[in-house]
Amino acid sequence: MGAITDVPGIRVGHCTDREALTGCTVLLFEEGARAGVDIRGMAPGTRQLDSLGPLHTVGEIHGILLTGGSSFGLDAAGGVMRYLEERGVGFDTEAAKIPIVPSAVIYDFGIGNPQVRPDADMGYRACLNASLEVPEGSVGAGTGATVGKLLGIGRAMKGGLGTWA
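Be aware that the sequence shown starts at 554, since it is given in my numbering, and climbs by one per residue.
What the hints contain is simulated information worked out from the structure, not anything from laboratory work.
Among these hints, one or two may not hold up.
Quick list of in silico lysine to aspartate or glutamate cross-link-like pairs, DMTMM-like style, CA-CA up to 25 angstroms [as the list claims (entries may be wrong)]:
1. Lys-702 x Glu-689
2. Lys-650 x Glu-583
3. Lys-650 x Asp-603
4. Lys-650 x Asp-674
5. Lys-711 x Glu-572
6. Lys-711 x Asp-591
7. Lys-650 x Glu-584
8. Lys-711 x Glu-686
9. Lys-650 x Glu-639
10. Lys-650 x Glu-613
11. Lys-650 x Glu-638
12. Lys-650 x Asp-672
13. Lys-711 x Glu-689
14. Lys-702 x Glu-572
15. Lys-702 x Asp-570
16. Lys-702 x Asp-591
17. Lys-650 x Asp-628
18. Lys-711 x Asp-570
19. Lys-711 x Asp-672
Starting from the given sequences, assemble the full structure and let the hints guide the process.
Below is the structure:
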């Protein structure tokens with residue numbers, strides 16, 4: 554109760570690498586959704602967040618990706634797009650349907666293996682795992698999440714992923 558999947562039309566999926574301490578989380582809106590964004594942080598890494606602006610041609614999105622792996626993790630968005638494209642979901646350009654998947658990263662290299670990063674395969678597997686159940690904590694993008702790194706990773710605390718609606 555109180556999960557984001559209580560909102561009709563939203564499913565959430567995770568792909569987690571517990572050894573490398575990284576992963577990704579996808580929110581799927583196969584019928585489309587309107588969204589907005591507030592970008593914060595010292596070094597945000599994003600993809601297609603401009604599509605959330607009020608003057609953008611595309612009025613709706615089809616997924617949101619949250620991923621570890623710093624900017625390398627944005628590769629996972631390709632897997633989400635492939636999953637949606639295979640199902641005929643996307644912005645119709647007449648020539649093709651293009652899934653709109655705004656994405657954002659976290660820096661999880663401080664506690665995991667920085668050579669292992671979420672990629673298109675992990676993004677696709679997160680979509681396959683999407684359901685109305687929403688595990689929280691050290692799962693998906695929350696696997697390697699930490700907070701309080703301003704004074705270095707030695708002073709950071711373990712974070713995670715949560716949901717509320």
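Results for each hint:
Only pairs whose Cα atoms come within 25 angstroms are accepted, and Lys-702 paired with Glu-689 is accepted, the gap being roughly 22 angstroms. Restraint check for Lys-650 and Glu-583: the C-alpha separation of about 12 angstroms stays at or below 25 angstroms, so the hint holds. This hinted pair checks out: Lys-650 and Asp-603 have alpha carbons roughly 19 angstroms apart, not beyond 25 angstroms. Between the alpha carbons of Lys-650 and Asp-674 the distance comes to roughly 21 angstroms, so the proposed pair stays at or under 25 angstroms and holds.
Among the hinted pairs, Lys-711 with Glu-572 is consistent with the structure: their alpha-carbon atoms are about 16 angstroms apart, no more than 25 angstroms. This hinted pair checks out: Lys-711 and Asp-591 have alpha carbons roughly 23 angstroms apart, not beyond 25 angstroms. Our distance criterion of 25 angstroms between C-alpha atoms is met by Lys-650 and Glu-584, whose separation comes to about 13 angstroms. A hinted pair counts as satisfied when its Cα atoms are at most 25 angstroms apart, and Lys-711 with Glu-686 qualifies at roughly 23 angstroms.
At roughly 10 angstroms between alpha-carbon atoms, Lys-650 and Glu-639 fall within 25 angstroms of each other, so this suggested pair holds. Pair hint Lys-650 plus Glu-613 holds up; C-alpha atoms about 13 angstroms apart against a cutoff of 25 angstroms. A distance of roughly 7 angstroms separates the Cα atoms of Lys-650 and Glu-638; the hinted pair therefore holds under the 25 angstroms criterion. With a C-alpha separation of about 22 angstroms, the suggested pairing of Lys-650 with Asp-672 holds against the 25 angstroms cut-off.
Between Lys-711 and Glu-689 the alpha-carbon distance is near 13 angstroms, which keeps this suggested pair within the 25 angstroms criterion. Annotation: proposed proximity of Lys-702 to Glu-572 holds, straight-line Cα distance about 22 angstroms (limit 25 angstroms). The straight-line distance between the Cα atoms of Lys-702 and Asp-570 is roughly 22 angstroms, inside the 25 angstroms bound, and the hint therefore holds. As the CA atoms of Lys-702 and Asp-591 are separated by approximately 21 angstroms, the hinted pair is consistent with the 25 angstroms bound.
Of the supplied pair hints, the one linking Lys-650 and Asp-628 holds, its CA atoms being roughly 20 angstroms apart against a limit of 25 angstroms. For a cut-off of 25 angstroms, the pair hint linking Lys-711 to Asp-570 stands: about 16 angstroms separates their Cα positions. A C-alpha spacing of about 23 angstroms is found between Lys-711 and Asp-672, which places the hinted pair at or below 25 angstroms, so the restraint holds.
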